[in-house]
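Undergrad: Using the sequences and the accompanying hints, generate a full structural model.
Top line first, the protein sequences correspond to chains C and L. Under the working numbering, the first residue of the first sequence is numbered 1, with each subsequent residue one higher. Under the working numbering, the first residue of the second sequence is numbered 373, with each subsequent residue one higher.
Covered stretches of chain L (chain C as the covering partner; in silico rule of three or more C-beta atoms under 8 Å from a C-beta of chain C):
1) 376-389
2) 423-436
3) 457-468
4) 485-497
5) 518-526
No lab work stands behind these hints, which were simulated from the structure alone. The structure displayed is predicted, hence computed values, not measured ones. All residues carry an ideal CB built from backbone N, CA and C; glycine is no exception.
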Amino acid sequence: MTLPRWLAPSLFALALAAAAWRAPFPAAPAFVPPPPAVTDPAPSYFSSALLPTAAPSAHAAALAELADRRIAAAWFAGTREGAADVAVWYSTLGAAGWTAPRAIATREGTAAATLAYARKVGNPVLYTEGKRLHLWFVSVALGGWAGSSLNHAVSGDGGASWSPPTRLQTSPFLNISTLGRAPPVALADGGLGLPVYHEFIAKQGEWLRLAPDGTILDKVRMVQERRALQPAVAVFDERRAIAILRDAGPGPGRIRAATSDDGGQHWPVATALPLPNPNSSVALLRLQSGRLLIAGNGTGNRNQLLLWMSEDMGQTWRLAQTVESDPDDSAEFSYPALLQARDGRIHLAYTWRRQGIKHAAFSEAWLTGDAR
Amino acid sequence: MNATALYGWLAHGVVIGALVSLLPLGGKRRFLGMAAVPLAWFSGLATLLHGFVGTPSVTLLALAIWQIAGRGPSPLGQRPAWLVIGTAAVLYPLALGLGSFDPYAIGYQPWPLLLAIGTLAVALLRCRREDWLLILSAGLAGYAGGLFANLWDALLDPLLVLAALAVGAGQLLRQRTAS
Chain C
1 MTLPRWLAPS LFALALAAAA WRAPFPAAPA FVPPPPAVTD PAPSYFSSAL LPTAAPSAHA
61 AALAELADRR IAAAWFAGTR EGAADVAVWY STLGAAGWTA PRAIATREGT AAATLAYARK
121 VGNPVLYTEG KRLHLWFVSV ALGGWAGSSL NHAVSGDGGA SWSPPTRLQT SPFLNISTLG
181 RAPPVALADG GLGLPVYHEF IAKQGEWLRL APDGTILDKV RMVQERRALQ PAVAVFDERR
241 AIAILRDAGP GPGRIRAATS DDGGQHWPVA TALPLPNPNS SVALLRLQSG RLLIAGNGTG
301 NRNQLLLWMS EDMGQTWRLA QTVESDPDDS AEFSYPALLQ ARDGRIHLAY TWRRQGIKHA
361 AFSEAWLTGD AR
Chain L
373 MNATALYGWL AHGVVIGALV SLLPLGGKRR FLGMAAVPLA WFSGLATLLH GFVGTPSVTL
433 LALAIWQIAG RGPSPLGQRP AWLVIGTAAV LYPLALGLGS FDPYAIGYQP WPLLLAIGTL
493 AVALLRCRRE DWLLILSAGL AGYAGGLFAN LWDALLDPLL VLAALAVGAG QLLRQRTAS
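TA: Below you can see the structure in the form of structure tokens.
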């Protein structure tokens, strides 16, 4: 059977018009500016405790404050990192303390929902948007973490139940090597800017611009002079933000930085911060007072967990507190996550000796050494 | 499960069916190719392939359907194969982090890509390649229907590149044998 000559060009014109109609044409991106700076009147305090154990090996905590003001934590745990029984676990902090951890993402559940084989899961990221709680996590079908794909699920009831995860398409080659670690920031158009990273062949930070419905609108590279990973972002105003990144070597590193002056459309190279980084994850938070807070490891290995503060939008930094320190070089206090709740309390969660997740809560007065 | 995951799983079943129909199985090739499709879906083979290579492009699906249907020689001839290989040779290394420019990002707001495809369509029309016009139309319709967030994924995928490499290698081998 021969098709009439006009059919193929007509169908093509129709399909091209439909594709052009669907193609997004978004306005220039802008951040939701942070509220005006306020001083935290709370006195100096600090408390810390281990979260309930989910499995022998735990790593990579994430934090979020829920709509009802409970603090939520997610992390991955199993018999060992990358094992088949590793799942993303979830717990909330209420008046009665931390709830028993519950698996919210498993490799079996991810494979069933995405209809794609998953060998392991990891690196959760939590973010509260109104009454919705977002969860991003990675799954790997083949190889190590460099083969990760990013998945997304949403909860409308504070993490009690979750939508089946969907896989984000972020790479043309086997959809590999996009990982998340730090929470997104809100954009003025109702979307989100999600800092992610790529570690197959090249190691670099990336920025996903998401539409309000979660569709990817753009993907931008945070190009650095050295290999850098795991960006964490703090916003200054509608246009300006800073990202700090893990220095992936070679050799002794310093926390890398990139800044954007156009709502996240570009992240040109910035100089490294004068803060050590032994190739380990860092967390960044803009406090309600306007100060910036970084959590990360000191020189040497991951046996020290430190907090640094900046009063001048990241121009200068000073050591504020030492949270953990062990002379044993093999001890590990790593992968911090930071959050300031609406009541002003600052929360820190981190990997504690790979055996569990530790949570610390403190005031800004404790950070500044102010004995109010 | 969303529509993209369902499409990927179904399409991989068809791709596996097409691969089976390429095997030297005599007159039963087409039948066995068709029979392999549901087998791939329900044996987990399509899920496995979907996990490893991601969502297949509409281009690959259309070629796989063409192959199983046995509608004559595949549209993936030498010139289209070299175009696919050339595009992949530029796209993949850059998208995987070689340099600061990521051409894959263009596919999220694909206006330049649509312009290039429109230009390619004019050339295809002049060469009377209605088969490829229909295949490109299917890819564009897949993107317009929301199956793909990125237009590149509707048009190109690693399995398609592998198929193109097989066609290109076959051509080179024949040329070498003839000379």
